[in-house]
Amino acid sequence: MLALIVGSGLAALGLLFVLLPLMRGAGYTGSAAAAPPAEEASAVEALREIEFDQATGKLSPDDYASLRATYAPLALAELEARDAGAAGTEASGVAAREIGAGVIASGDAGSGDASSGDAAEQLIARMKSRRLVCTHCGPRPEGDAIFCSDCGRYLSPACLRCGADVEDPHSRFCGECGSSLAA
Amino acid sequence: MSERVATLGGPEHRGIDRRAFLVAIAGVGASAAAHAISAGTLGAEQQQPAANFAPMEQGAYRPTLRPDKPGATPVLSVEQRDALEHRIKCQCGCILDVYTCRTTDFSCQVSPAMHRDVLRLVAGGYDAQEILDAFVQTFGEVALTEPKKEGFNWAGYLAPGVAIATGAVVITMLLRRRGTEARVAAEVRAAAAPAGGAAVPGMSTDDLARLDRAMREDA
Amino acid sequence: MILVGELPLWIALLMCAWSVTLSYAGGAMRRADLIASGERGLYAGFGFIVLASAGLWTALITSDFSLRYVASFTSANLPFVYRISAFWGGQAGSMLFWCLILAGYSALATWTNRRSVRELMPWVTGTSALVLLFFVATTALASNPFERLEWVPADGRGLNPQLQNPAMAIHPPMLYLGYVATAIPFAFAIAALVTRRLDAEWLGAVRRWALVSWVFLTLGIVLGMWWAYVELGWGGYWMWDPVENASLLPWLTGTAFLHSIMIQEKRGMLRKWNVTLVVATFMLSVLGTFITRSGVIQSVHSFAQSAVGNWFAAFMILALAATVWLVSVRLKDLESQAQLEAMISREAAFLYNNLVLVGIAFSVLWGTLFPIISEAVRGSKITVGESFFNSVNVPLGLLLLALTGIGPLIAWRRASVGNIQRQFAAPAALGLITGAALFVLGIHKLYPLMTWTLSAFVTGTILQEFHKGVGARRKMYGENPVVALGRLVARNRRRYGGYVVHAGIVMLFAAFAGMAFKLEYDITLADGESYSAKDPYGRQWTFTNEGLSEFKALNREVTAIALRPTIDGKALPLITSEKRQHFDSRGNPTFQPSTEVGILVRNDMDVYVVLAGVVRNKAEIRVNFNPLVVWVWHGGVIMALGGLIVMWPQSEKRRKQGGYVAALAPAAEVATA
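Chains as they are written, first to last, in numbering that gives the first Met the number 0: chain G, 0 to 182; chain X, 0 to 218; chain V, 0 to 672.
Possibly wrong hints are sitting among the right ones.
[As the list claims (entries may be wrong)] Below 30 Å or equal to it, Euclidean Cα-Cα: the simulated DSSO-like pairs (lysine-lysine) are:
| no. | chain 1 | residue 1 | chain 2 | residue 2 |
| --- | --- | --- | --- | --- |
| 1 | V | Lys-617 | V | Lys-569 |
| 2 | V | Lys-271 | X | Lys-147 |
| 3 | V | Lys-444 | V | Lys-517 |
| 4 | X | Lys-147 | V | Lys-444 |
| 5 | V | Lys-444 | V | Lys-551 |
| 6 | X | Lys-148 | X | Lys-68 |
| 7 | V | Lys-444 | V | Lys-331 |
| 8 | V | Lys-474 | V | Lys-533 |
| 9 | V | Lys-569 | X | Lys-148 |
| 10 | X | Lys-147 | X | Lys-68 |
| 11 | V | Lys-380 | V | Lys-331 |
| 12 | V | Lys-617 | V | Lys-533 |
| 13 | V | Lys-533 | V | Lys-517 |
| 14 | V | Lys-517 | V | Lys-617 |
| 15 | V | Lys-551 | V | Lys-517 |
| 16 | X | Lys-147 | V | Lys-380 |
| 17 | X | Lys-148 | V | Lys-331 |
| 18 | V | Lys-271 | X | Lys-148 |
[To be verified] If you only want the chain V side, here are some residues facing chain G, beta carbon under 7 Å, derived:
| no. | residue |
| --- | --- |
| 19 | Met-238 |
| 20 | Ala-435 |
| 21 | His-466 |
| 22 | Arg-493 |
None of these hints come from the bench; they were simulated from the model.
From the three backbone atoms N, C-alpha and C, an ideal C-beta is built for every residue, glycine too.
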């Protein structure tokens with residue numbers, strides 16, 4: 000008998016515990032209320048690792064150079080933001096997020112998960128969304144090509160003068176420096 | 000199945016034996032063992048069968064006898080005989096071969112009986128293959144510790160190899176296709192690679208030095 | 000007893016059902032209140048399962064023989080430790096134990112991730128509650144440890160003597176902790192598929208839990224080997240028994256996953272493959288339990304007899320169908336955007352590693368199931384024994400060992416000739432020199448020679464990796480070698496912890512190869528008689544029977560033999576081997592006699608003595624010389640340590656490892672410069 004009473008009591012307690020959020024209604028947010036912002040990957044850390052991997056033979060020299068070229072400006076921006084003081088906390092986030100920024104802006108490869116924070120995917124998507132530029136025929140529509148399908152020249156994924164990304168396949172001049180994209 | 004209907008602690012209670020146990024052993028030891036045990040639990044109302052192990056069947060022995068060859072002299076040495084017994088599976092329900100079973104568990108009556116048959120056949124002048132064949136004739140192919148390499152058994156031997164080879168071919172083809180594209184790109188890249196490893200285009204030496212300092216702060 | 004025991008089990012069942020419903024509904028409708036209630040249902044379910052477990056433990060400790068389970072697996076004279084471990088000594092108890100672990104894991108995973116991956120969490124909670132619901136339902140309905148007897152026996156049957164071994168008290172929990180932990184990555188995979196968030200976000204949580212599972216499985220498997228070796232007496236530690244295989248399968252796919260996950264992190268590739276591995280690992284864990292529980296392997300005919308077996312079969316079919324459907328409707332989201340570029344690159348090496356690991360898993364599964372397939376196809380029974388598994392898996396194992404040495408040396412994306420020359424010179428030289436030396440010393444068996452050559456090569460790789468890593472740190476940060484080594488491991492736990500695991504693997508393989516040289520002798524000795532035998536190293540041993548003795552211990556009668564070994568004339572400590580007959584508290588014998596193996600452990604080999612029996616005062620014994628066995632246990636410990644290094648939580652401030660993303664445009668990104 001006693002067992003039954005205590006047992007029902009226990010069950011009732013359990014029920015109460017489980018039902019509480021429902022009783023508070025749809026506005027209840029519960030434990031999931033305050034989600035801290037996910038920590039941003041630091042570009043300086045990335046550079047350290049690139050340096051380390053190169054030293055231990057995990058990167059070929061040209062991969063090393065190009066990875067450094069990708070991360071060094073980001074890391075510098077991060078450092079500047081950090082120096083800027085308290086306000087810089089946000090800015091450093093901006094710098095680190097920049098890897099993915101191009102994707103969102105260009106929209107081309109911006110599939111559902113472009114904003115997902117998967118740095119690898121975002122960087123790759125950004126690379127793909129760039130327009131390749133032929134020195135003779137200008138920006139090309141073919142995303143993956145290595146050589147221009149019209150004239151056979153090597154395709155660069157950016158303005159040849161200033162290095163800015165070219166995103167519009169119809170642009171005839173670079174949006175950054177104004178130099179002509181086609182000969 | 001009758002031995003499972005044993006009374007609690009009764010003298011004729013068989014419970015789990017080593018053999019049954021060996022069937023259930025090791026990897027997930029306890030759980031398996033436990034299951035084996037549960038099969039032998041008390042009371043006739045226990046309905047859970049001893050699914051995971053075959054109880055030791057002391058009656059599983061069947062004689063494997065052949066007349067001695069005329070003028071028979073043993074062609075197998077003691078070592079060869081022991082090696083042969085490693086290739087014959089004990090039929091008591093364990094997972095061991097005859098040699099291991101008879102030298103591990105003294106309560107098994109099947110493996111010593113099979114051993115005696117082996118001795119008689121060896122004395123009768125039979126060679127290893129003939130003895131194996133004789134045991135297969137008596138018990139069927141379960142008498143061998145590995146399936147004969149014939150017929151459908153080849154599927155058993157070859158399937159893993161075929162599966163892995165297929166996987167390897169798929170990976171190779173994948174890499175080949177990508178590889179050709181990449182090779183051209185790599186040549187171009189090599190031609191266009193910047194000269195200095197550490198230099199980054201568009202950044203001043205001051206900036207680089209600053210980065211360098213930041214990177215070395217990893218204490 | 001019903002209060003703490005059976006009743007909570009039923010309440011837990013309801014709580015799980017509640018949690019599944021509310022979590023899924025909350026996830027679909029994006030209602031925080033439903034989600035919160037679902038989470039709480041899971042926590043409450045955990046609480047009630049804890050109560051139920053406490054009930055069973057209480058019954059076991061206080062010898063409440065009115066419960067069938069307690070009467071079946073304990074007796075009044077059973078030592079205290081084994082009363083605790085009797086919890087997982089039988090089927091019903093181990094089912095409850097499984098529930099307990101799963102509930103704990105699920106609650107922990109829900110609690111720790113409730114803020115970080117919010118979008119996934121209702122689905123994770125719901126899926127783990129669903130798996131838990133299945134296990135609790137199976138326990139309560141088909142295999143209830145609280146089932147009562149109609150009468151109360153004076154004493155219980157007692158625990159099987161082979162389970163009365165310290166290893167047995169910890170080996171099953173370790174394996175269960177490993178098996179069950181695969182359910183959490185599975186829940187995350189399902190959640191990721193449902194929400195289409197198949198990116199790096201879920202990888203973090205999944206990786207942690209996959210590691211937990213891996214470490215426990217490793218420990219469980221090695222402890223199981225140790226138990227089989229010291230307790231069962233057939234002379235080895237692994238014989239490809241279906242139950243052993245069942246524990247190896249999820250370990251293999253889990254290991255493959257822990258490698259391929261790195262490619263997804265660095266290059267965003269192999270998403271489909273990673274989801275497949277996560278699901279496969281969980282399925283194989285359930286299959287392992289199914290194989291152990293249903294008896295489908297040993298006897299095809301007992302298939303339909305075991306109620307639990309049917310539950311498992313139904314669960315596996317449903318789970319598999321649901322996952323296949325989910326993956327097929329999400330195929331597009333799983334497309335990766337980067338591509339593999341070279342046959343010789345780190346990524347490709349990982350792929351080969353995955354191929355071999357999964358290939359081994361397939362061959363083990365195939366060999367385990369082949370007797371059933373064969374019987375179905377041809378109608379004739381066959382045995383697939385050790386030699387089958389060895390003939391297929393030894394070459395694959397060697398390939399895997401080689402890859403363990405090759406993979407870490409290769410550069411990401413594309414390895415140049417120069418890179419390969421620089422990286423391989425020293426390790427390859429070490430391997431070849433070792434191989435040549437062993438050959439000259441007279442080791443001509445192919446597989447052991449290859450194993451030891453490759454072991455030396457991999458050891459070279461590992462040492463070189465540590466050396467280069469320390470060198471890089473000294474150069475970059477100007478640290479002294481000791482500090483550099485410490486920080487090297489601390490800052491790159493995953494990579495260098497992984498190398499420690501590799502070192503353990505090398506030790507294991509080297510020790511396995513030793514068994515190719517084992518020798519066994521079948522000896523009959525009367526009192527005072529001696530036998531001499533040569534060991535694999537060519538030394539002369541003699542074994543003198545110093546006498547048989549019979550005595551009673553706590554719950555058993557013991558027949559023991561004392562053997563005096565000498566090596567090249569030098570006397571060594573006595574080896575005793577025992578035959579034990581256990582009895583219950585009223586003096587009735589229980590179980591068949593069991594063997595207590597006598598082992599003289601040495602670094603070069605074990606001397607392994609089994610007293611098979613006594614006939615007319617003559618002891619029938621088998622003596623094995625088992626080379627290098629002790630290194631198997633050392634290797635296992637090192638692997639687990641490496642796993643712990645990888646798993647050790649890092650403070651939040653520390654870097655996200657795998658910091659940079661080795662993403663490069665398919666064409667020439669560099670050329671922008």
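Results of checking the hints against the structure:
1. V:Lys-617 x V:Lys-569: holds (25 Å)
2. V:Lys-271 x X:Lys-147: At roughly 39 Å apart (the allowed maximum being 30 Å), Lys-147 of chain X and Lys-271 of chain V break the hint.
3. V:Lys-444 x V:Lys-517: holds (13 Å)
4. X:Lys-147 x V:Lys-444: holds (25 Å)
5. V:Lys-444 x V:Lys-551: With Cα atoms ~47 Å apart, Lys-444 of chain V and Lys-551 of chain V exceed 30 Å; violated.
6. X:Lys-148 x X:Lys-68: holds (28 Å)
7. V:Lys-444 x V:Lys-331: The given pair, whose Cα atoms are some 51 Å apart, is violated under the 30 Å limit.
8. V:Lys-474 x V:Lys-533: violated (54 Å)
9. V:Lys-569 x X:Lys-148: violated (48 Å)
10. X:Lys-147 x X:Lys-68: Holds. Lys-147 of chain X to Lys-68 of chain X sits at ~26 Å (cutoff 30 Å).
11. V:Lys-380 x V:Lys-331: With Cα atoms ~45 Å apart, Lys-380 of chain V and Lys-331 of chain V exceed 30 Å; violated.
12. V:Lys-617 x V:Lys-533: Given pair Lys-617 of chain V, Lys-533 of chain V holds - Cα atoms ~22 Å apart, limit 30 Å.
13. V:Lys-533 x V:Lys-517: Given pair Lys-533 of chain V, Lys-517 of chain V holds - Cα atoms ~11 Å apart, limit 30 Å.
14. V:Lys-517 x V:Lys-617: Within the cut-off at roughly 25 Å; holds.
15. V:Lys-551 x V:Lys-517: Distance ~34 Å between Lys-551 of chain V and Lys-517 of chain V Cα, so the pair is violated.
16. X:Lys-147 x V:Lys-380: Status holds; Cα separation ~12 Å.
17. X:Lys-148 x V:Lys-331: violated (44 Å)
18. V:Lys-271 x X:Lys-148: Outside the cut-off at roughly 37 Å; violated.
19. Met-238: Because about 40 Å separates Met-238 of chain V from the closest Cβ in chain G, which is outside the 7 Å limit, the hint is violated.
20. Ala-435: Violated - the Cβ of Ala-435 of chain V stays beyond 7 Å from chain G, reaching only about 26 Å at its closest.
21. His-466: This hint is violated: His-466 of chain V lies away from chain G, its Cβ roughly 9 Å from the closest one there, beyond 7 Å.
22. Arg-493: Violated, because the Cβ-Cβ distance from Arg-493 of chain V to chain G comes to roughly 12 Å (cut-off 7 Å).
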